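Undergrad: The lines below spell out each chain.
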Amino acid sequence: MSPQDIIRTSIYSLTANRLRAALALLGIVLGVCSVITLMSIGRGSTDRITELIQGLGSNLLTVIPSSEPLTLADVEALRDPLYTPSIKAVAPEIGTFGTIHINNNTTQASITGVTPEYLNVRNLDMATGTFIGAPHVESRAEIVVLGAEVSEDLFGNQDPTGAEVRINGRQFRVVGVLAAQSGFGSIDSQALIPITTAYYRLSGQRIPGGDISVDQISVQARDVELVDQAIEEIETVLRLSHRITEADDFTVFNQQEILDTFDEANQTLVVFLGAVAGISLLVGGIGIMNIMLVSVTERTREIGIRQAMGAKRRDIVAQFVTEAVFLTFGGGIIGVIAGLSLATAIDGRFLIGTEWSTRVTSDIPIIALIVSIAVGLFFGIYPAVRAARLNPIEALRYE
Amino acid sequence: MRSTSNPDQPVIRIRDVTKIYEMGAGTIQVRALDGVSIDIHDGEYVAIMGASGSGKSTLMNIIGCLDVPSEGTYHIDGQAVEAMSNDRLADIRSRKVGFVFQTHNLLPRLTALANVELPMMYGHWPNRRDRAENALTLVGLGDRTHHRPTELSGGQQQRVGIARALVKEPSVLLADEPTGNLDTSNTAEILNIISDLNHENGITVIVVTHERDVAARADRVITLSDGQVISDEIRDSPARGGNPKDKGRPHRRIPISHRTASPLPFGGRGLG
Ligand SMILES: Nc1ncnc2c1ncn2[C@@H]1O[C@H](COP(=O)(O)OP(=O)(O)O)[C@@H](O)[C@H]1O
Ligand SMILES: [Mg+2]
Chain V
4 MSPQDIIRTS IYSLTANRLR AALALLGIVL GVCSVITLMS IGRGSTDRIT ELIQGLGSNL
64 LTVIPSSEPL TLADVEALRD PLYTPSIKAV APEIGTFGTI HINNNTTQAS ITGVTPEYLN
124 VRNLDMATGT FIGAPHVESR AEIVVLGAEV SEDLFGNQDP TGAEVRINGR QFRVVGVLAA
184 QSGFGSIDSQ ALIPITTAYY RLSGQRIPGG DISVDQISVQ ARDVELVDQA IEEIETVLRL
244 SHRITEADDF TVFNQQEILD TFDEANQTLV VFLGAVAGIS LLVGGIGIMN IMLVSVTERT
304 REIGIRQAMG AKRRDIVAQF VTEAVFLTFG GGIIGVIAGL SLATAIDGRF LIGTEWSTRV
364 TSDIPIIALI VSIAVGLFFG IYPAVRAARL NPIEALRYE
Chain Z
455 MRSTSNPDQP VIRIRDVTKI YEMGAGTIQV RALDGVSIDI HDGEYVAIMG ASGSGKSTLM
515 NIIGCLDVPS EGTYHIDGQA VEAMSNDRLA DIRSRKVGFV FQTHNLLPRL TALANVELPM
575 MYGHWPNRRD RAENALTLVG LGDRTHHRPT ELSGGQQQRV GIARALVKEP SVLLADEPTG
635 NLDTSNTAEI LNIISDLNHE NGITVIVVTH ERDVAARADR VITLSDGQVI SDEIRDSPAR
695 GGNPKDKGRP HRRIPISHRT ASPLPFGGRG LG
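Protein chains in written order, with my numbering: chain V, 4 to 402; chain Z, 455 to 726.
Please keep in mind that the hints were generated in silico from the structure rather than gathered at the bench. All figures in this text were calculated on a predicted structure; none of them were measured in a lab. The C-beta atom is built at its ideal place from N, Cα and C for all residues, glycine as well. Keep in mind that a hint or two might mislead.
[As the list claims (entries may be wrong)] The following residues of chain Z were derived to be distant from chain V, with all beta-carbon distances above 12 Å:
1. 463
2. 479
3. 492
4. 493
5. 527
6. 531
7. 537
8. 545
9. 605
10. 642
11. 671
[Stated by the list, open to error] Label pairs and their calculated CB-CB ranges:
12. 665/Z <-> 23/V: 17 to 25 Å
13. 20/V <-> 687/Z: 48 to 56 Å
14. 505/Z <-> 20/V: 40 to 48 Å
15. 479/Z <-> 268/V: 56 to 64 Å
16. 401/V <-> 596/Z: 28 to 36 Å
Modelling step: build the complete structure from the supplied sequences, incorporating the hints.
TA: Here's what the structure looks like:
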């Protein structure tokens, strides 16, 4: 039997029951569509995490207080190059929530008190205006730098520099807007003010004796290689200044480690999603097998006629396997189109509480099509062999 | 294709063939054929008669290589069938025998032409379309090539079945009650076509029937009863005359493709 004959015969058979063929196809369409979508999501979120690691800088460390507060005195101690030669910059911060008003517009934002170092340590860029300067910190100035989202909420597309806003009832002047960053833990929904302003004007708690306590300190190592050394230096300095002999009253986080953990979790998720998609494809394949088995039974007499006309077993096998592969390949093509459309549609959307990002690469549809052909071969072979093993006489007698 | 080396060699040579069907997981054995020996020579027109259940269809299936004997030997064109693999059997079915069924067994969604082309799909036949058209013309359906079986009468359907059986120029045309489902006039038409194929194109014909007048067309009648041959008469047909012993010899057989008067210009596939 020539390939053209096999293909023509398969098309002839498939068109005999279009509805059934379409339904069998649907299972594969859904399977392939979910494989494509989930693979794109997996690729997208891996990209996001990589981006985040690079954005944060892999040389970033975070110190947070545990039993004793961290203060600006600790920050000064960490800035001394004599004791901390591996540290490039130190940026303390105080976080609170607040309501920002302008005329009738109101928005909720996290208000973070920072120092000028914050801009570089956190790898931020200005969209317009200037960042908080040393004099602002010195004078506890009532000025604010808005995150992109906060700015948009309050001012729309207008440049807010120079405008007056009210934060928890106090008047602040906007000096600049940060460039949009997107991504998780984004700066876009924050408003930054001088750390001294945050402490004296907005925050309720103060340490008697007057030193400003901070919520966390970001420390930038001079180099990725120097991260471990920087951690040691931080520990030495803080232990000395806190006069610690036993357990530390602070914790140092390595940003890279945190992100590695995220990445690992993400990989697990990708594998899990892949498995779910794989199972749906498997279910689609079983659907194909089911349809093919029904088809073999229904067409027993046809098989008998073909055998009487001289069809060999391999001719019958080829015919039925080709039918199954046509179904899964057709389903694969539709599934690829649907999956690519879906992946593109959800990219950058905010759904079910998460912002999705997807990346479609050319290998994904190719893999999906190869897999769908393989599914057809795998699930088509058993019904086909059953067909080919029919006894011609019994097949011809079948009513 | 056809072995012409030994003119006395029968096309069909059946020796002590027994066919046993086991039923009920081997508890009941049915002897559908019981020690049958028959020789059929090239060009013969044989009718097989017998009561229902006497083993006619079983014999036909074995001759047509759809089934193999339980015991005994069967040679077609000198080749031993009982030792053949599935693929070899399919090959014999493809090249040496043409089947005509009682229920025509056409594929319902294919046109007459496609149905006739079907057997040529299983073998590398050139000019399939031309051959199929010629075969349909030969059975008088040259103008119905694009009709589906449901658009044809019972007699026409059976003629498509005959065209499908003879399109490959088989050594033997096997017809199992080909007129069983037909009325008198259609029966006559079909029998005329079969007789012509035998008389004019020299095709060996074996027809199973339980009707006397169908058997009357043949020049040899084999009667079965309970799986055994109870009579084997070679009749002297007035239409053909001569000594029936001389019939069926290859020198009498004129291949379809070599007959200039034949409406079947098959193009040199008949003899190697
Ligand atoms: N596949 C089968 N399984 C069991 N018994 C069978 C089978 N085919 C035929 N037989 C039996 O073999 C005997 C001969 O059948 P068959 O050749 O079909 O007879 P006929 O064609 O002369 O009517 C019958 O008794 C029938 O019941
Ligand atoms: Mg019968």
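Undergrad: If I take the minimum Cβ distance from residue 531/Z to any residue of chain V, is it greater than 12 Å?
TA: Holds, since 15 Å exceeds 12 Å.
Undergrad: Looking only at beta-carbon atoms, does the pair residue 505/Z, residue 20/V fall within the given range of 40 to 48 Å?
TA: Between residue 505/Z and residue 20/V, where Cβ atoms are some 41 Å apart, the hint holds.
Undergrad: Confirm or reject: residue 605/Z is not an interface residue toward chain V, with every Cβ-Cβ distance exceeding 12 Å.
TA: Non-interface label on residue 605/Z holds, nearest chain V Cβ at 17 Å vs cutoff 12 Å.
Undergrad: Does the Cβ-Cβ separation between residue 401/V and residue 596/Z fall within 28 to 36 Å?
TA: Holds, since residue 401/V and residue 596/Z (Cβ atoms, about 33 Å apart) stay within the stated range.
Undergrad: In this structure, is the beta-carbon distance linking residue 665/Z and residue 23/V contained in 17 to 25 Å?
TA: violated (42 Å)
Undergrad: Since residue 642/Z was said not to touch the interface, does its Cβ keep a gap of more than 12 Å from each Cβ of chain V?
TA: holds (26 Å)
Undergrad: Quick one: are residue 479/Z and residue 268/V within 56 to 64 Å, going by C-beta?
TA: Holds: the Cβ-Cβ distance is about 59 Å, inside 56 to 64 Å.
Undergrad: Could you check that no beta carbon of chain V comes within 12 Å of the beta carbon of residue 493/Z?
TA: Holds, because the least Cβ-Cβ distance between residue 493/Z and chain V comes to about 24 Å, which exceeds 12 Å.
Undergrad: Take a look at whether the Cβ-Cβ distance between residue 20/V and residue 687/Z falls inside 48 to 56 Å.
TA: Given range 48 to 56 Å: holds, Cβ gap about 51 Å.
Undergrad: Please verify that the nearest CB of chain V lies beyond 12 Å from residue 492/Z's CB.
TA: holds (20 Å)
Undergrad: Is the nearest CB of chain V more than 12 Å from the CB of residue 671/Z?
TA: Holds, since 24 Å exceeds 12 Å.
Undergrad: Would you assess whether residue 463/Z, listed as outside the interface, keeps its beta-carbon beyond 12 Å of every beta-carbon in chain V?
TA: holds (23 Å)
This entry does not satisfy hints 8, 12, going by the numbered hints stated previously.
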